[in-house]
Amino acid sequence: MRLELKRFGDFLSSRPAGREAWLVAKSYILKNKITPDETIEVDFSGVKALTPSWADEFISSLRKKYPGQVKLLPSDNASVKASLEFVSEE
Amino acid sequence: MKTNTDKKILKFIKERGQVAPKDIIEFIGFTASAVFRQLKKLQNQKKIQKSGTPPHVTYHIPMTQKEKIIQNAYLWTTKTFIDNNDIAKTANLYCLARDIFESRNQKTAKTLIANNYSEALSYLLYAIIGEIGNNSFDHNLGNWPNIPGVYFTIDLKEKIVILADRGRGVRSSLQEVRPDIIDDSTALRVAFTEVISGRSPEQRGNGLKFVKKIVMENKLTLTFYSGTAVCNIKNKKMSFENSNINIQGTLAVIEF
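Residue numbers (our numbering), protein chains in the order written: chain G, 1 to 90; chain D, 1001 to 1256.
Please keep in mind that the hints were generated in silico from the structure rather than gathered at the bench. Heads up, a few of these hints could be off.
Unchecked claim - 16 Å max Cα-Cα, derived EDC-like pairs, lysine to aspartate or glutamate: (1) Lys1213(D) - Glu85(G); (2) Lys1110(D) - Asp1155(D); (3) Lys81(G) - Glu1119(D).
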């Protein structure tokens, strides 16, 4: 499954916003749709700016819920690349 | 009044940086009208400037536009009492709630792009402004000592962004999890170099490390005050010093 982050907005900042996005993704987008061997591809295309706070709330939670199934797709966006350096690995 | 009174006043103002008239009157020990005559004379000689409106007037040495912008934020941060009138006057600078701050931050990124700054730099600035400003909300929510919110302004001509809050400050936040931090300088050093969050049990606290990285890699300058300490990041070097000003919350100056 490809999870497009742009559906949560093109400016992704703050912990509360990241937490809200994760709760929505968990409940309405991912629930009952991901098989144990399926990869979730996180797509950053269309995201203009990302902060480590938003990324930590969303991506760390996603990785925790689906260990070994999350793949972050490459991005050319400087804020995305820099923020992902600060999101803890699985 | 002795003829060197104006020199004494000028020296006093230089030493203090920014002085209320009552402090000058108290220091000199003459009548208010005599002191105001001297202040007017120094103003006419362009040796000092007057800022603010009664009852919040201060005198200081002449400042550049950039210094004035910083000074206004400093005054907003340190003024002992802020009333609705003050808030109304700074309504275009003051973000009472996080969503107002977010909206202004997005607008700032768009304004930078409209003024021919690269998208990459504009969005990186958005990200570090977001981290610093949201830190103010994250660490003070429900616990603001007096006025909640963030002071946020950008000046394209001076290429400067200012963020300030009247919150608890970095040391107070970190002491929740690191009671061994006993001074502001250590607190800033920890905040900018160690992965730690005052919001225990969160194992987080990367915001200011991210800010440091972006500032260093993009030839930006950051001056970050909290308490009596200041962190300077310039030319890829970071230093921590005692500051000559005391900020209860935080005051960040980003130059781009």
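Now the hints, each set against the structure:
Among the hinted pairs, Lys1213(D) with Glu85(G) is consistent with the structure: their alpha-carbon atoms are about 10 Å apart, no more than 16 Å. Our distance criterion of 16 Å between C-alpha atoms is met by Lys1110(D) and Asp1155(D), whose separation comes to about 14 Å. This hinted pair checks out: Lys81(G) and Glu1119(D) have alpha carbons roughly 14 Å apart, not beyond 16 Å.
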